[in-house]
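> Spelled out, the chains give:
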Amino acid sequence: MKYRYEVSGDDFSLAGRASSEIKKILRSLGASSAVIKRVAVVMYEAEINMVIHAGGGVAEVEIGEDSISMVMRDEGPGIPNLDLAMTEGWSTAPEWVRELGFGAGMGLSNMKRNADKLTIESVVGKGTTVRMRVDFPAAGFGA
Amino acid sequence: MILGDAIKLIDGVYFCGGEKASLEIRSACGADLMSDVMAFVKDEVVLLTGLVNTQVIRTAELLDIRVVVFVRGKHPGADMVDMANDLGIVLAGTRLPMFLACGRLYEGGLREGGTRPI
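If you're matching them up, the sequences are chains A and B in order. Heads up, the first sequence is in my numbering, so the first residue is 1396 and it goes up one at a time. Heads up, the second sequence is in my numbering, so the first residue is 3 and it goes up one at a time.
I should point out that these hints are in silico values taken from the structure, not numbers from a laboratory. Certain hints may be false.
Unchecked claim - Only pairs whose alpha carbons sit at most 27 Å apart, straight line, appear in this in silico DSSO-like list of lysine-lysine:
id, chain 1, residue 1, chain 2, residue 2
1, B, K76, B, K44
2, B, K10, A, K1419
3, A, K1419, B, K22
Claimed, not checked - What the simulated footprint calls covered on chain B by chain A, stretch by stretch (three residues with Cβ under 8 Å from a Cβ of chain A suffice, anywhere in the stretch; the number is not a length):
id, region
4, 4-18
5, 25-38
In this text, a Cβ means the ideal position worked out from N, Cα and C, and glycines have one as well.
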């Protein structure tokens, strides 16, 4: 099953709607709460990053037999130093974002902690593509 | 502890979901940074926060947080209340600051922290 969402960069209050939709779909399919939570966290963090740093983008989600894959693609400014960006607590988010409760430099490390696979391709001036995969437990989707 | 007792302990009021006062609650956490909530919070906690925007409700929804308590006399907007109602999330508030609200709940018997080991 494949899903595609446009993530608006114009309205911060809308950030997270794609993650919310995917959460509902996983719940309706009978996924376990552990799987749902991990997917919700990685996708929401990626959505927030897209809105904060890149003016929005596109989220493509594929639910397979044994995993869920999420590709978050934007045409924002890119990440000049990925190693630095992965450091917990390091952030380039502006003050208005911090006032809204985000931008504390936890996003990428939080995504790494909850995804079974995370790859980030970023070209400065062209954009960033974040690929994440969450595996379903061997005992089954709902385990 | 049931939710209704917790709200009494902090001299709280409901903004929505007051009919769920018999809900059993086992743990709580206080945070103003939603990034920290995403990183550290366990399932089904009561979240105490001084942050007031729709992303608080979105964060609660995504992490299965069923009760949000706004501290320091903060009031959620109508859009937040509508969203919480749709999602079945209880919104409450207290005039107490974060430290005292958490302290009263702890003293009242809500002793389990709502975060994973750090």
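> Give me the numbers of the hints this structure contradicts, sorted from smallest to largest.
2, 4
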